[in-house]
Amino acid sequence: MNAKSSAVALFSLLPMLAGPAVSQGFAGLGTDAEGFSRPSLGTDLSFPKDHGAHPDFRIEWWYLTANLSASDGRDYGIQWTLFRSAVAPETGTPTEGWQSPQIWMGHAGLTTPDAHFSAERLARGGIGQAGVLAAPFEAWIDDWRMAATGDGADEFDALSLTASGPDFSYDLTLTATGPLVPHGDAGYSVKSPQGQASYYYSQPFYEIAGHLSLPDGDVEVTGHGWLDREWSSQPLSETQDGWDWISLHFDGGAKLMGFRLRDREGAPFTSATWIDPDGTPTPYGNGALTLTPLEETETSAATVPTVWQVEMPGRDLDVRLEAINPQAWMATSFPYWEGPVRVTGSHPGRGYLEMTGYGD
Amino acid sequence: MRRAALAALLSHWRRQPLQLFTLLAGLALATALWSAVQAINGEARRSYDSAAATLGISGYASLTDPAGPIPIATYAALRRGGWTVTPVVEGRVLRGEIRLNVVGVEPLTAPDGLLPVGLGSETGAAPLDVLRPPGLGFVAPETADDLAGIADLPRLITDPAIPPGRMFTDVGTADALLGKAGTIDRLLILPDQPANRPPLETLAPGLTEVPPQDQGDIARLTDSFHLNLTAFGLLSFAVGLFIVHGAIGLAFEQRRPMFRTLRALGLPARTLLGLLLGEVMLLALLAGGIGIGLGYLIAGALLPDVAATLRGLYGAQVRGVLAFDPLWALAGLGIAQLGALIAAAHGLETVRRMPLLASAQPRAWATVSARALRRQALAGAALVAAGVAVALLADGLIAGFALLGGLLLGAALILPRLLAAALGLGARLARGPLAQWFWADTRQQLPGLSLALMSLMLALATNIGVSTMVSSFRLTFTGWLDQRLVSDLYVTARSEEDARALRAWLAPRSDAVLPIWKVDTPLQGAPGEVYGIVDHRVYRDLWPLLNATPDTWPAVYENRGALVNEQLARREDLSPGDTLSLGGGWEMPVAGVYSDYGNPIGQAVVGLPALLDRHPDVSKLRYGILTSDPTTLRRALVEDYGLPEANLIDHGRLKATSLQIFERTFTVTGALNVLTLSVAGFAILTALLTLSTMRLPQLAPIWALGLTRRRLARLEILRTLALAALTFVVALPVGLLLAWCLLAVVNVEAFGWRLPMFVFPLQWAALLGLSLVAAAIAAALPTRKLASTAPSQFLKVFADER
Amino acid sequence: MRIEATGLTKTYTTGDGRLPVLTDVSLALAPGETLALTGESGSGKSTLLHLLATLDTPDAGSIHLDGTEITSLDDAGRAAVRRDRIGLVFQQFNLIPSLTVSGNLDFQARLAGRHDPAWSATLAKRLGLADLLDRYPEQLSGGQQQRVAVGRALAVRPSVVLADEPTGNLDESTAATVLGLILELVAETGASLLLVTHSEHLAGRLGRRVHLSGGRLS
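Protein chains in written order, with the UniProt record's numbering: chain A, 1 to 360; chain B, 1 to 802; chain C, 1 to 218.
Don't read these hints as lab results, they were simulated from the structure. Possibly wrong hints are sitting among the right ones.
[What the hints assert, rightly or not] Short, incomplete list of chain A residues facing chain B, as computed with Cβ under 8 Å:
(1) Q99
(2) I103
(3) E120
(4) L122
(5) D143
(6) F334
(7) P335
Treat the numbers as computed from the prediction; the structure is a model and nothing was measured. Every residue gets a Cβ at the ideal spot worked out from N, C-alpha and C, and that includes glycine.
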């Protein structure tokens, strides 16, 4: 094992991406957040400051997914993620140069109904190769970039987005048509019955336009995007070994964020946020949402559920999610499933599904 | 019935433990040598593959700033512009008595092959400790010993693949150790750059691109070495099979009465054949298992030399320890089965065709009539002719090996006839009854010994052939190194400006500064490279030309002609006077041909003005320096001029190291030589032991007529020595032919160059001595037995009851 | 006396214990005398012949050949006695297969340094081998082979010829011819002859006969 793969292993400690084998392999980083800041209930989010990095927390990400379609109706999905992780606590002024404890990782994905492309970048912090600035907002790693274009009241209201891999690239503009949405208790999102938590908010109201470059040629696309922001210092609890996460755009204009943390030793922990078309969030605690796998697909790396039933009796919600491309494995240093879904049933629409912890 | 029959068949081996031992040992030895060579080749090839996959730092093109170190911001700007580059910082630091050569790489962006791999659980270091203070430093074990107890260092992890005196570490750790204050010495340009990245000038003006250093010239040379290892394995196997063939043949002959009885008692011929086949396969399984174990030991003993060779040549990380590959073991068992079946084929065929009422009397083992000898010799001659015909009619490596195989096997088949003729001549020339009897009787022994002698001939011929090739190879290689490494120091300037400064600086401090400027350009339409050279006597003095005219050097220096390497000349059939196309419509007459061992591609050398005329923009960064004191100049270049260590190669040291490494490589060949000869010696021993039981009736009358047993024993030893010496006489020309085949046919077919052949009579003398010693040792045991045979044993020969 | 053997005793040790083969055997042979030694199978005839031929040594007793004690000689001395003074003829002929008839005929004489081409030629002629000189033993009949063996024994002009069932492997008429030749040539050279046989008929043609029974002479 070399340092590069171990950096990736470190990222796998992120709650969303945790695998049981890895979290036990690095016990020193296990559940202990010694020296790092911890999320606390009742802390107000503050913008644009919180759009930027929080180096005193162990882990953080800027996570954009988008359901796109071409003029011929063909479905596409893209993912753009920048992860930050600190190998040691950093408080006060961030360290410049090689000695910075920050490590950055970028993942880009592009899904079509019959193909899935992915790419990965790694960079160390403190040297300018990767980073995030709050205002004017800019997040980048190498030549991948997500940056404010200067329009709108909030830094997140208008963004440009680029990323590329060996066989694909995309160049998109994002325009928000609604407000930022905090999850949980005003942005304090609980992740387990033991109380692990993170700060978590979203901008789920993006209208997107731009073009994708694929081996077959360029495609002009439009669609909806969803940007997640989350930071924390506490990984999953020891017995949680994977995560199923959804973000859904219903045709009526409402949105739903939900996740299910699978527990080796007990019932899964679920959480959800219902977002009205005007952006008003309603948080739901453990048990309000149920996610039920209906069909599984054998992919290159693992067998994963790619058809789901999602129910939320409190909202009279009963929909079926179906992967647009069941083979949407991210062929990154550690693999996970991330791809667009079609939503049918009581609330039809589109959305994104992420599943971790199904491989070895 | 089958069980009873099998038990009866197997009971033979209980009564003939020596025969069983011979059979098992022969097959096991054959399998062992074959498997050992396979294992060594396999392990080495895996290492080559990984060496090819993991280019060292010098294998990458890089960016440097002639003005000095590169700021981190420039690195970030390049990365943000889409350039996939990775930083390297390097320098020396004094710790205690040690001047440590520190190389820092950036683990998150460096290609995997560049990073040390020694982060197993046994080191107790977590991988991320690389990035966490105080960091990890990867050093050779001996360096770690030297640094023990010295403070202010990263935690040391040992990795034998790292050259002594060097430390690989994280770029941040190196930065702190070397006080680089956040600057980078160079940026490696990784393969697979995006297509439409912005040009270097807009992102990082001031940086210049340095091409990667050539690698692999010497690696290609080792291909030839492996080819010969394979040939060795094959020959050892063949020699082993002679032993097995003899043992199985004897066992079948001796059991003829038993076969007849079994069949008379109602065992069908087919079942008998099946049982015998089963017996052979069972024995082969046993012998194969032993052989694989032996082969593993042999390979394990020889591998460190091969591994050291590779490590020295490439700096590649080579396991000196053999990995056990189950597939390899299976292949070994398979080859043992195959060998046993080949060796038993004749015996099995005889049994198949044996009529029920065949004579139960065992025929004298391997009694071969003069006619049979002639037939065999004719078959041998036909084999040789077929090999030659294939080589003449077909091209390619297979044809080369067909020639080798035909030659060796044919010569082996002809050997008994030649020996018979020589012994007949001896008998005619002999005076005195004992001498006459000696020659005549030796000739009579020939059939029984011929298999063993054939295997000795094969071993000797191979030995002569391979050692001639290796020694020729060594001589050639030394010359080649002299040719290629004419300069004492090689430097790469950081920029054209730096190059000018360097030339000015070097002018008063060296004997000569020779530009090494080359362009990659098609030669006769295929990828090639053209070098420009200045007029300097070292080229005239040292470059050995294969095909030259008195006008060769004047033509090159007057820009009227080009030298081409042997590969190009052979491939395109070029000789002096022909026109060479150097790409872009540039044409020049060929002035001469030079040897260029190991280079896979075509190459041409022209006068420097001619090159500059056609390619004014050629990279002018690399120079060879002639100096009487490379050590001082080297230090001055680094300490006074400020040239980074990495831009300097001391080829004097490289040459010495290369030669040392090749010597070590040859020890492997030497060991295999000895092993093959031992197998042949063993073949003689077993043949003599078998014969000794049949010798008594032949020797008893001589004893009765008035010779002492001691004298008889001396004559028996002398007989074996005479046969070995005669065999050597036959083996010598065969071995030289073999060497010629390897050098002039196989090498040319395989690699496109021909190695000149040199002969080494002292080696032959040593080998003759060795083969006589081997024969004497083989003859010693049966002869001791003879000398101490009780007279009563002799008397039995005369007894009525016989 | 040509041969004077006194008190010869020989015992073989076998798996079943000690087996006395000869017990206190004394025997004398005058120059030119021909003696037949008869006896049952296993009576010790061959052993006695082997002792006299220095092929084996007795446990007790002495043998004088032309006045020389030969049992106490070393290996080389005994070999010299065999080479120079004894002619041996065996039932199995025991020719040297790698040598021609001529090579076999001359072999012992040349070994002893006493090769006489004229005598060899005479012998070959007398034995009817003159046309067979270039043949190898395997190309000869049994009678021819034994005639070569007789010639080889006599070529050295030995003091004594020791023959062990020389005609045992031959048919009756060939046997008579061969024995006749032996007797003739022995008489011409003045050698003494000890012939081991179990045939009363053959024994009758010799000058004297002794019978060996249970390891004792009678």
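Structure-based check of each hint:
Of the supplied interface hints, the one on Q99/A holds, with its beta-carbon coming within about 6 Å of a beta-carbon of chain B, less than 8 Å. Contact between I103/A and chain B, as hinted, is supported at the beta carbon level, the nearest pair being about 7 Å apart and thus within 8 Å. The interface hint given for E120/A is broken, as the beta carbon of that residue sits about 11 Å from the closest beta carbon of chain B, more than 8 Å. Annotation: L122/A was flagged as interfacial toward chain B, and the flag holds, the nearest CB pair being 4 Å apart, inside 8 Å.
Because the closest C-beta pair between D143/A and chain B is about 4 Å apart, less than 8 Å, the hint holds. Annotation: interface hint on F334/A violated; nearest CB of chain B at approximately 14 Å, more than 8 Å. With its C-beta approaching chain B no nearer than about 18 Å, P335/A sits outside the 8 Å limit, and its interface hint is violated.
Hint compliance for this structure: hints 3, 6 and 7 are broken, all remaining hints hold.
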